[in-house]
Amino acid sequence: MTAENGDVIVSLKGLEVHFPIRLGILDTILRRTHGVVRAVDGIDLTLRRGEVLGLVGESGSGKTTTGRVVVKLTRQTGGSISLDGDDVSTLWGTRQLREYRRRVQLIFQDPYETLNPKHSIREFVAEPLVVNGGVSRAERETRVLAALEAAGLRPAADFASRFPHELSGGQRQRVVIAGALIMNPELIVADEPVSMLDVSIRTELLRLMLDLRAERGLTYLFITHDLSLAWVIADRIAVMYLGKIMEIGPAEQVIRSPHNPYTKALVSVSPTPEPPTAGERARRTILVGETPDAAHIPAGCRFNPRCPYVFDRCRVEEPPLFDVGGGQQAACWLAEGGRELPVVPAQRVAAVTPEVAGT
Amino acid sequence: MSQAPTPSGRTLPKQADPDAPLLVVDGLKTHFSLGSETVHAVDGVSFRLDHGEALGIAGESGCGKTTTALSLVRLLPANATIVEGSIRLYGIDLVKKSPDALRRYRWREVSIVFQGAMNALNPVHRLRDQIAEPLTERLGVSERDARRRAGELLELVGIPKKRGGAYPHELSGGMRQRAMIAMALACRPAIVIGDEPTTALDVMVQAQILELLESLRHELGLSLILITHDLSVIAETCDRVLIMYAGRVAEEGRVEEIFRRPRHPYTQKLLAAFPNIRADRRTLEVIPGAPPDLRHPPPGCRFAPRCEFAMAVCTEVVPPEVTFGDVRVACHLYPEGSDGVPVTTPTADAIGATMPLVEPIPADPPIEVPEA
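Respectively, the protein sequence lines represent chains A and B.
For the first sequence, this note's numbering begins at 1 and goes up steadily by one.
For the second sequence, this note's numbering begins at 1001 and goes up steadily by one.
Because the hints were derived from the structure by calculation, they are not lab data.
Yeah, the Cβ is synthetic: ideal placement off N, Cα and C, and Gly gets one too.
Keep in mind that a hint or two might mislead.
To be verified - Not close to chain A: a few residues of chain B, all C-beta gaps over 10 angstroms, as computed:
1) G1027
2) G1044
3) F1309
Unchecked claim - Chain B stretches covered by chain A per the calculated footprint, using a threshold of three residues with CB under 8 angstroms from any CB of chain A:
4) 1198-1208
5) 1229-1242
6) 1254-1260
7) 1267-1279
8) 1285-1297
Using the sequences and the accompanying hints, generate a full structural model.
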């Protein structure tokens, strides 16, 4: 938001994506709804040029929907989105979106589904150029090879003539990255880009993404359910829960000193490849139950039914994001005025009996 | 041959030797035939599982960890065969059993929880009935009793009894995985195998399921085999870990030892490639290259082509598995008598730079096997 933190490339203000629940075609015809799924429920988020912002959340948190709004695949139902200061909220239709989509690209999770098995790698990577037109065949070929090369697929000419089934999972994801690179985008929204891959291959791809950022000044919105992946790659981390941002700030701060109880619980249960000591086990907060569905968001703070720190105010009033210093913000009444979370003794909220999804 | 009770009060199969260890797998080879070629998916794997113990089998896709698990319960695909080796449960060699005879052991002695509870549960049957099925089918329990027992099992895994009438699609992913666990426990098996039991779940739900497995293990005196690519899951829940690479055992030992002082270069790399929220940022290791094609595995050590410490011998001779105290490692850097210290000193920055896990640890107390 402030200029000293680098210039803002994308800014979301009060973004809302509400899906009406329609049961059957009659509802659609009569425009009848049975409630609303509040997938994204009013978030403010700025992406600064050249940063990796990790958007972390469990299933149903709205992280993927947020990403889809940023690439303009899903329409927001409220709030605004701007690119480089220009309001693009109402920018729709193929023609108008062409330039936007050149600058903002999307990478999906599953490289097996993204690639058409009947198209060669060359066809896949060149497709955006063909669609946009105005590029000669020779130039197209040069750019395809350059993109493959940049994605670490060498020799590029050899890879270009191959088909998806001839590639490993890691190579496929590189092809997908090459396809995103060919338009020389400024922002890449990567939705769980390495979640399907083995650890050793993951690292290579994360490195590639960081290298590309260094070379091309790319910005990433890195969407993941895995806090430790965000920890490894992101400069800043935003934690989402049920359509809201619970905490945002520099990765070090969010992970090392979380100010929101949900973030704190997530950090405490994020497994590491080190056997936990008895003390670490005791400090873990395993939350009871499951995330409620986004059609029935609890009143007050949406995390209050599962929060180990809950008190009266949380049940009636939703906390805004409070500044807690160093560019970190947390949505929790306990963080008001930048306070630290109190230490709750032995708050091991055992979870052998989950709540029945009683709606 | 009298029937002896096991620690959990179960009845052993008739041929069981009460003094034999719970499970000993020796030199297991399971190969797949692919057209005219043979895939050496599991190629000489040995391990042992004691009562009440949790063993983690880890490795990347294609290392043979799932094939090993499926070999134990013989749920292999049609083109796979166990070509060599033995699987001794209470001293009874399961490999020699006919498919029919093996049915006596599957579910009743060894049961398995699969990864995708969504696909493993039958979508058109109520939860209660699916859990009751192995009881009526395998144990000949009356339908009424089986349903009652199914209700108890659901409570045990933390699903309220009244939800037993639900169909799988009415449940969340975590609940489905709990139901799978209830099903696996139905016949009171001695061993439960979890094949990536938490992989598709959110981290908080994963923590809940791992906690459930842990408490069940202690309450019921279960023995667990956890198959996963996720080393952190093993660090959380297991007593011992077996690292597999390309169909063979790379290293095996107590979790504390292997994770804090990995010896095999593959184990070192694997651990260093794993994102760790409690370690420094952006220090992940890359393992160059790809695992070998198991139709034509390399002659010597299978990790040699990717190993930065590879010596001439590594590409020619299969490294024998050498045991140092509690650790078994198959690597030429650690020959017999080397006492677990590499014979050639690797360059300092090759291991040390991004490995916060190398400091020596004090001796650990012996493994505790729960009595109950």
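Of the numbered hints stated earlier in the document, which are not met by this structure? Hints that this structure does not satisfy do not exist here, as all of them hold.
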